[in-house]
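If you read the sequences in order, they're chains A and B.
For the first sequence, the tail end lands on 91 under my numbering, and the numbers increase by one without skipping.
For the second sequence, the tail end lands on 1187 under my numbering, and the numbers increase by one without skipping.
Since the hints were derived computationally from the structure, they do not count as laboratory data.
Treat the hints with care, as some may be off.
What the hints assert, rightly or not - Below 25 angstroms or equal to it, Euclidean Cα-Cα: the simulated DSS-like pairs (lysine-lysine) are: (1) B:K1174 / B:K1009; (2) B:K1078 / B:K1101; (3) B:K1020 / A:K65; (4) B:K1033 / A:K83; (5) B:K1043 / B:K1101; (6) B:K1033 / A:K87; (7) A:K87 / A:K50; (8) A:K79 / A:K29; (9) B:K1035 / A:K83; (10) A:K50 / A:K18; (11) B:K1033 / B:K1118; (12) B:K1078 / B:K1012; (13) B:K1035 / A:K65; (14) B:K1121 / B:K1023; (15) A:K65 / B:K1174; (16) B:K1078 / B:K1020; (17) B:K1012 / B:K1118; (18) B:K1121 / B:K1141.
To be verified - Residues on chain A that point at chain B, a partial pick, calculated with CB under 10 angstroms: (19) C6; (20) F8; (21) C9; (22) G10; (23) E11; (24) R12; (25) E13; (26) S15; (27) E16; (28) Q53; (29) H59; (30) G62; (31) K65; (32) K79; (33) I81.
Backbone N, C-alpha and C fix where the C-beta goes; we use that ideal spot for every residue, glycine too.
Below are the chains, spelled out letter by letter.
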Amino acid sequence: MFLITCPFCGEREQSEFKAGGEAHIIRPKQPTELSDDEWAEYLFMRKNIKGVQLERWNHANGCRKWFNAVRDTNNDEIKAIYKMGEKPPSI
Amino acid sequence: MLNYNTSIKQDKIYSDLEIKEIKPIMKLIIRGKTKDFITAIGKNLNMILPIEANTSTAGEALTALWLSPDEWMLISNKTISEETNTYEVEDNLIKNISKTKLGAITDVSDQFVMINIKGNKVFDLFATGSPFNFNEFKNKKGSVTQTILSHIDVIIHLTEINNVNLFVRRSFSKHLHSWLNDSASRL
Chain A
1 MFLITCPFCG EREQSEFKAG GEAHIIRPKQ PTELSDDEWA EYLFMRKNIK GVQLERWNHA
61 NGCRKWFNAV RDTNNDEIKA IYKMGEKPPS I
Chain B
1001 MLNYNTSIKQ DKIYSDLEIK EIKPIMKLII RGKTKDFITA IGKNLNMILP IEANTSTAGE
1061 ALTALWLSPD EWMLISNKTI SEETNTYEVE DNLIKNISKT KLGAITDVSD QFVMINIKGN
1121 KVFDLFATGS PFNFNEFKNK KGSVTQTILS HIDVIIHLTE INNVNLFVRR SFSKHLHSWL
1181 NDSASRL
């Protein structure tokens, strides 16, 4: 369990949030032109790194807004929070 | 609001704690993002929607609760007639907000149940089943939060010190009320 600062509501406990996986995965512009392997790569393949990762989170039991977080997967430290559409901070 | 069966059959009183449903209360969800929307709402309701997170604003007849940057809950301060489920405020807002495509108005009067809990042990009760830190909340009249209580989504509004209105979806209200009573009896 750890605390996450929602950019709208403030500091809340993790149980109020839902993790949305890796952030900044861009949907292919022409999905019909992709091979099955390329489509599977977009849909399923994630980096799942040990270290600092950019993630999407949703404050599901609060304001229900999506936002991005920079989380260290080693120790669950949230290094930064930024809103959807914003560029990730350099860490 | 028309006749319906409530799951909360009786008011409960414990030492330093009172739990009762207040009904019927008009409840509207208002959604919108633009400056024009905020201005139009202000003109229609004669009150300003709270912009600051986790706060509320109260007028003579209505109170607006902040739910998210583009969503508010509008409630009537007093109980309304049980004979109808049409409200003048809703009609005005639908005419001037929904139909002009400035925002969206949804009537949730019957969807949400409002439970009033008051007494010195209100926050002791919440502490038994919520991950939210009420330390600042409980001293700031008008505070609003959406959080979890006994694994159930709730909206909590501090109307006075040690006096809160709790909004819960009707389908969860029986279970939550039962849990509140069980927990209150053990404090």
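| said: For each hint given before, does the structure comply? Return the numbers of the non-compliant ones in rising order. | reply: Violated hints (numbers, rising): 2, 3, 8, 11, 15, 28, 32, 33; every other hint is consistent with the structure.
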